[in-house]
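**Q** Residue numbers (our numbering), protein chains in the order written: chain A, 6 to 256; chain B, 1240 to 1509.
If you are wondering where the hints come from, they were derived from the structure by calculation, not from laboratory data.
Worth double-checking, as some hints may not be accurate.
[As the list claims (entries may be wrong)] Coverage of chain A stretches by chain B, computed from C-beta distances (three or more under 8 Å per stretch; other residues unrestricted):
#1 10 to 20
#2 112 to 118
[As the list claims (entries may be wrong)] Distance windows between CB atoms, simulated:
#3 B:Leu1426 <-> A:Asn74: 51 to 57 Å
#4 B:Glu1384 <-> A:Arg145: 29 to 35 Å
#5 A:Glu130 <-> B:Ile1319: 32 to 38 Å
#6 B:Leu1496 <-> A:Ser154: 34 to 40 Å
#7 B:Cys1267 <-> A:Leu151: 38 to 44 Å
#8 B:Ser1403 <-> A:Arg254: 43 to 49 Å
#9 B:Glu1384 <-> A:Lys200: 44 to 50 Å
#10 B:Ile1319 <-> A:Ser181: 24 to 30 Å
Just so it is clear, CB atoms sit at the ideal spot from N, CA and C, and this is done for glycine as well.
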Amino acid sequence: MNNIFEIINLNLWYGSKQALKNISINIDDNCVVALIGPSGCGKSTFLRCLNRMNDLIANCRIEGSILFNNENVNSDSYNEIELRKKVGMVFQRPNPFPMSIYENVIYGPKCQGLTNKKELDSIVENSLKKAALWDDVKDRLHSSALGLSGGQQQRLCIARAIAMEPDVLLMDEPTSALDPIATTKIEELINELKKDYTIIIVTHSMQQAARISDYTAFFLMGELIEYDKTDVIFANPKNSKTEDYITGRFG
Amino acid sequence: MLNRSWGVTLIKLLTYLATILLVILVFCLAGFIVIQGIGFLNKELFKESVPLIITTLMVVGLALLIALPLGIFSAIYLQIYTNNGRFVKAMRFSIDSLNGIPSIIFGLFALSFFIYYIGLNRSILTASLIMSIVVLPLIIKNTEEAIKTIKVDQIQGSLALGASKFTTINRVIIPYCIDGIINGVILAIGKIVGETAAIMFVIGTASVIPHSFMDQGSTLATKLYLIIQEPTYSSNGIGSAYGIALILLLIVVLLNLLVKLVNYLFKKRG
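Produce the complete structure using the sequences and hints provided.
**A** See the structure below:
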């Protein structure tokens, strides 16, 4: 397997507060990586480094290398827009645009200048099928996305990200605002999607990490404590802090 | 002692009375103008007011043409491109202050700066320039408030899809701020149509149909001011003041309806 992401000595500060300390981690192609840890441990911050969403935050300073397909994306010369086309993101709360379902899916491709109606139609159909939403919405593609349920909205956001044909999907607690049934659907979807994409998912739920991921990274207070195959992390972690966390002694 | 449900009833009653009072007030005001003015709406007044209406519309159009892009872009800059630094605070303070300056001061500034210092002639152009400054804070404030209601999630969602900041502004921010912008435009139209003090020194007193923005003219409001001060300015004396006032009200209502119609058509198309 290939390393799609190779992170070397990543440090991140918000103003004078250090939020990530010396993170080094390799992420393989086509697998699901779960980032776990208590609130404020830096797992979301780390995720946002991978598509440079931290650029939007004033006073945020990042040092170290983030190699994506062997190119350092943590440099001014790397175009963050190109990066975000390859590395899609799904957010904690579903955030469809107040447009039709169809318009939501083609937002990304349209921004790239794609206007051919046939191509756009097929992008919409393929993306929605991959996101397991096609059957729910095929008869109302042109009605507002805001009329969908929370779980459907989140799958629409996944379809919207897939429409860009990215290599990687970042998911920032994608099920924390959803009910258990919708959560199950998203988890099944992640299982399907990992055939085509590398998925890096931040989750609060250790059960979720155990269910869906191949690898798990445990973060604590800005440090990467342990990173290994998910069964190893949950069956016999090497670090006592990891063990304490997954057995529920804190967090 | 008042018990809880009495308190609730009392507050309900007070809000109800206040609303009724407001509605009565508006009807009295409008009714007074209509009753007084309707008798003077004759051919003569119509002839007299055509140039005034045209001049007014010209000032409204040009002032908005200048103030709208400036205001919308300032608002986007303030909300999207800056963090809350000292410079931005100073800018906000200036905008708020601009909103609080009495219009006679704008009139004085327009006269001394545009006419005496820069050497522009008294004209519709000069009046439009000063009015664009007067309404700028209205446009900026309303646009800013509208931008604030767009969720950060959606802006981030757009950026995360590889859209540039420009595209995000164009496709996510502006379309969903349109109501706020329209609100600002309606307030601005009211202000421009009704403004006297800020423009009366720089627009002249001509009452003929203007041929260009470089011509002098009178708006409905400045003419109204002249007639009230000196009824002999009009063939009908003080009576035509009521007539013009009525036309002025009608113009404001019509322009607001027009703006709403444009907004409706824009939304239907989008």
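**Q** Against each hint, give a clear statement of whether it holds in the structure.
**A** Outcome of the hint check:
no., hint, result
1, 10 to 20, "violated (count 0)"
2, 112 to 118, "holds (count 4)"
3, B:Leu1426 <-> A:Asn74: 51 to 57 Å, "53 Å, holds"
4, B:Glu1384 <-> A:Arg145: 29 to 35 Å, "33 Å, holds"
5, A:Glu130 <-> B:Ile1319: 32 to 38 Å, "34 Å, holds"
6, B:Leu1496 <-> A:Ser154: 34 to 40 Å, "39 Å, holds"
7, B:Cys1267 <-> A:Leu151: 38 to 44 Å, "43 Å, holds"
8, B:Ser1403 <-> A:Arg254: 43 to 49 Å, "47 Å, holds"
9, B:Glu1384 <-> A:Lys200: 44 to 50 Å, "46 Å, holds"
10, B:Ile1319 <-> A:Ser181: 24 to 30 Å, "27 Å, holds"
Hint compliance for this structure: hint 1 is the single one not met.
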